Amino acid sequence: MSDQNKMAKDTVNTDSSDTRRQEIRAQQVSIKSWTQKILVVLLCLASFYGGWKSYESNMVSECRASGGQMVENQKTMLCQLS
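Just so you know, we're using the working numbering here: the sequence shown kicks off at 15 and counts up by one.
In case anyone wonders, no lab produced these hints; they're calculated from the structure. All figures in this text were calculated on a predicted structure; none of them were measured in a lab. Some hints could be false.
Claimed, not checked - Straight line, CA to CA, 25 Å or less: simulated SDA-like cross-link-like pairs of lysine to any residue: (1) K46 / S61; (2) K67 / K46; (3) K89 / K51.
As the list claims (entries may be wrong) - Label pairs and their calculated CB-CB ranges: (4) L95 / K67: 42 to 50 Å; (5) G81 / S61: 31 to 39 Å; (6) N87 / L56: 52 to 60 Å; (7) I38 / R78: 53 to 61 Å.
Here a beta-carbon is modelled for each residue, glycine too, at the ideal position from N, C-alpha and C.
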């Protein structure tokens, strides 16, 4: 019986410190999740940019393979066949 009472007192005393530890852990997880989200967004942007440049490169290669020449317009690139 006395062991159970002692355990009950110990759990009461540690409740406040456990709550603090949980709050700290929650903050760490929150920071981690934000950095992970930012990393995912940056990786998505890098992937999109890489895909876009790859597409442009393929179009230039196809144009040259068909005997054409790329002509830069204001916002577009045109394949001008000679």
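Hint check results:
1. Restraint check for K46 and S61: the C-alpha separation of about 22 Å stays at or below 25 Å, so the hint holds.
2. Our distance criterion of 25 Å between C-alpha atoms is broken by K67 and K46, whose separation comes to about 31 Å.
3. Straight-line distance between C-alpha atoms of K89 and K51 comes to about 32 Å, which puts the hinted pair past the 25 Å bound.
4. Look at L95 against K67: about 24 Å separates their beta carbons, and that is not inside 42 to 50 Å.
5. Restraint check, G81 to S61: a C-beta distance of roughly 33 Å satisfies the suggested window 31 to 39 Å.
6. Separated by about 31 Å at the C-beta atoms, N87 and L56 break the suggested range of 52 to 60 Å.
7. For I38 and R78, the hinted distance range of 53 to 61 Å is satisfied, since their beta carbons lie about 60 Å from each other.
When the structure is compared with the earlier hints, violations turn up for hints 2, 3, 4 and 6 and for no others.
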